[in-house]
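*Asks:* Residue strings, one per chain:
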Amino acid sequence: MGIRVSNLIKAFDKTTIVHGISFDVADGEFVTLLGPSGCGKTTTLRCIAGLERTNGGIIEIDGQIVSQPEKDIFAPPHERNLGMVFQSYAIWPHMSVAENIAFPLVARGGNEADTKQAVLWALEIVGLTGLGDRQPSELSGGQQQRVALARAIVGKPKVLLFDEPLSNLDARLRDRTRAEISRIQKELAIPAVYVTHDQAEALSMSDRVIVMDGGHIIEEGEPRKLYRRPNKQFTAEFIGAANFLKVTYKDKNWYAPDGSVLTLEETIIGQEGEERVAVLRSEHLDIRLPTESASNSHVNALHGTIEHVQYMGPHIEYAISVQGVPMNVTHQMDFGPGTKILVTFGPADIHLLP
Amino acid sequence: MNNMNRVSDSVVSTPLVPIFRHASIFDGGRILGAIYLITFTVVALLVAIPLFALIYGSLRSTAPGLEGHWTFQNWLGLFSSGVVGTFYTTLFIGLASALIASIVGTAIAIVVHRTDFRGGTTVTALVSLSFFLPSFILAMAWIIIGSPGGLINGVLESIGINDWKVDAYTKTGMIFVTVLHQIPFVYLMMRGPILGIDATFEEAARASGATPFTVLRRITLPLLSFSITSSLVLTFILSIEQFAIPALMGIPGRITVLATQLYLLVSFPPPDYGLAAAIGLTLSALTGFAIWIQRRIARGNRLTVTTGKAGRLTLISLGKWRWAANTLCWGYILCALILPVIILAYVSVLKYFSANPFEGAYTMRNYVFLFESSSTLRSFWNTLIVSGLGALIGVGLASFVSYFTLRHRPPGYRVLDFIASLPFGVPGVVIGLGLLWAYAYLPLPIYGTLVILIISFITRFLSYATETVGGRMVQIDKSLEEAAWTAGATRLQGIKRILVPLAMPSLQGAYFLLFMAFFREIASAVLLYTASTSVLSTSIWSFFEQANWGLASSLSLVGMVVVFISMYLLMLLTKRRPSLKLLERNKPTKAT
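These protein sequence lines map, in sequence, to chains L and W.
Going by my numbering, the first residue of the first sequence is number 893, and it counts up by one from there.
Going by my numbering, the first residue of the second sequence is number -14, and it counts up by one from there.
Rather than coming from a laboratory, the hints here were simulated on the basis of the structure.
Do not take every clue at face value.
To be verified - With beta-carbon atoms standing in for the labels, derived distance ranges: (1) 1030(L) with 558(W): 17 to 27 angstroms; (2) 460(W) with 1149(L): 48 to 58 angstroms; (3) 1205(L) with 477(W): 26 to 36 angstroms.
Computed from a prediction, not measured in an experiment: that's the story for all the values here.
Beta carbons are placed, not taken as given, at the ideal position from N, Cα and C, and that holds for glycine.
Let's have the full structure, built from the sequences with the hints guiding it.
*Replies:* Right under this line is the structure:
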């Protein structure tokens, strides 16, 4: 049954943090709440966990209403059958690894034999077999993270909640753990809500991403759709490096600011003189010297000048001016500042915002 | 792009539902709710009963329990020349003691922690030890040394100097002993900030070409200025609420401060309870005002930076000033700890007081008496009950107060926080007077029992315990408890399984603190004890008042030994402590 959030409202004192948002998480689905800090994503997660009391709306977990202030329904966290991984891991320093992991079962009154079995199972799943007797202070950050994960799944919860669990790990460990969390969640098929401000985490792990800002849901969709065909400028801006071009409809064609005709993947018919915003991903753009043959052999080509060059190692980042409109391009080839160049891209690489 | 536009076109705007009132306004179950109510009631009664008794008493014409009428006469009495003079004396002694103690205490802390001074560990240990030396024992020792019939004058006389005498029964004597008594407090307060200074501030100055001494003067001391001011104000409060030193040294020399004047008004005929109550309230208002100032300073301090980042602080080389540093540190320890203990030991084995140890008649009778006198033995038991049991109750209450004000925060927690912090800085003798008055009226038969002593000590020192326990509780990241709830634990289970084990070191620390404070407390006991409820401090006090220096000294020494041994045993029991590293929320490292 998963999770259903309808019209959730949360305020602290007089400041409303979450403005009536609604979304579902299907059984086994991995949904990420993505947004800048202060957008209300963590608050939403804490409301689902029961760590915050809501001010309005309904939260259902597995078909049961756990929070509905209008009817004075509030189930405390321990009655919601959750598994939660905290940003700080929240590993209890006075308990061994095994005691930490066993806690959800012990707190719910499980018998000793089953608990032992379940702890061994959880340790194996997260790849910490044999470390049950260690003290948390003897573990590395990555291992602590795994203990937190094991503790969250050991009780076979109805939902898994993740509050920026990877933000304390270094970059390499983060990539590995990301894959690990995805794998475990799919294996157990427990619906999961994952909160992050990191677009790479959101895109790589999720079945669906919900983009939030200012306590509202801006847009939701599958990672590929949000990246390539966003409906909102905020989404395009927040996920990935995007260039925005103002394009104009004239004589049944869309024109770039430099006056060149644009070829789109699908024909979009506008009104004469209509202006739209086009999204171009900097890594989808190509640059070359403006020879005659180059301008003729590409469907979309904009004339520009290189203004700044940043050498990054694997690639080079160029700041380019196209008729005064700034564009960022990532490319492997070397050009000097001041070079006149052509920015080229295929019909599929330009997307007009609705 | 305009923020409002983006929002309104993406969601249907929803009117904000007002904060919903839950039928069960208390979040966390019936047992916890009951504990909260009890905690709130007990703390409120502890504070309100003596407070209202004092206010009531200050407006009545007669002693408690007698017929009388309402009057403002007591408050007008504050403006009599006697009281005004006392007020100025109190301020003068308080300010002078605070100023000198702050300077010397800070100097010792800087010498020990920021120079290449040798023996810093020993100095730290001995200064911390002298922190636990009760002020009345320190005062007694210095009276024996410096009073008109004391050691120094005896020595002077015996070597033929008759026209130059010392007198401890003066303002100078009182300030001297108060300073000795307050220095450990200043030292312990300044130690943290001095060690916590971010090394990069000093390194930046060194890199700019400043000498170590210039760094101290231009960087370190200004960075510490908030802490120094804050300790100055706290020392001032502790000095003006001090009772034992002005009582033992000031009363013989006819120097009264507010605390002793209150005591004299109540203890000696004809008693004037009303004026005493008015003086008590005035004194409390004075300390309350000082505390308010201190809190404001402390809040300002949060803007400046002592990050606690452990860097290598450069030590200043003492060079040719090493003798001065040695004199300062060892001189202090000699005056505040070693000399007093030696003097007490010496006097305790003398038959008659004599300044010359070669002419003294020695005896063990003072010690024999202690163990043969049933009243002294009883005072040992009373002390163990009051300190041992009272501290346990006090820590329990303080833990609940800290839990509710810092973590649970049910409705009204701010009120609880405020009430619980009120008695801090209220002089002990004022609390004693309030309780004395209150229980003359209230139909509870606790006057003349140990219960009233326990009540009075807990009231006086509750805020010390809540500071200790609360300081630890705020360090324990909230998510450690939340993780237990989401893992299926109720609030009570979370407290029992997570919070209490993690806060245990602070609970033990608070117990230690209260035990010592109760043991050395005299001010709030002096108006409340009776022959059968005398504790060690009051027994020593009454021996000394009867001019029996020998018994007072032997009981002081035996009492200190007993208390230090019991504290040592307690410390042995508190070894295993969870690593603090995991307690605190890891700072998210912004890596993208």
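*Asks:* Indicate, hint by hint, whether the structure satisfies it.
*Replies:* Quick rundown of the hints versus the structure:
Restraint check, residue 1030(L) to residue 558(W): a C-beta distance of roughly 25 angstroms satisfies the suggested window 17 to 27 angstroms. With their beta carbons about 57 angstroms apart, residue 460(W) and residue 1149(L) fall inside the hinted range of 48 to 58 angstroms. Look at residue 1205(L) against residue 477(W): about 56 angstroms separates their beta carbons, and that is not inside 26 to 36 angstroms.
Violation of the numbered hints given earlier is confined to hint 3; every other hint is satisfied by the structure.
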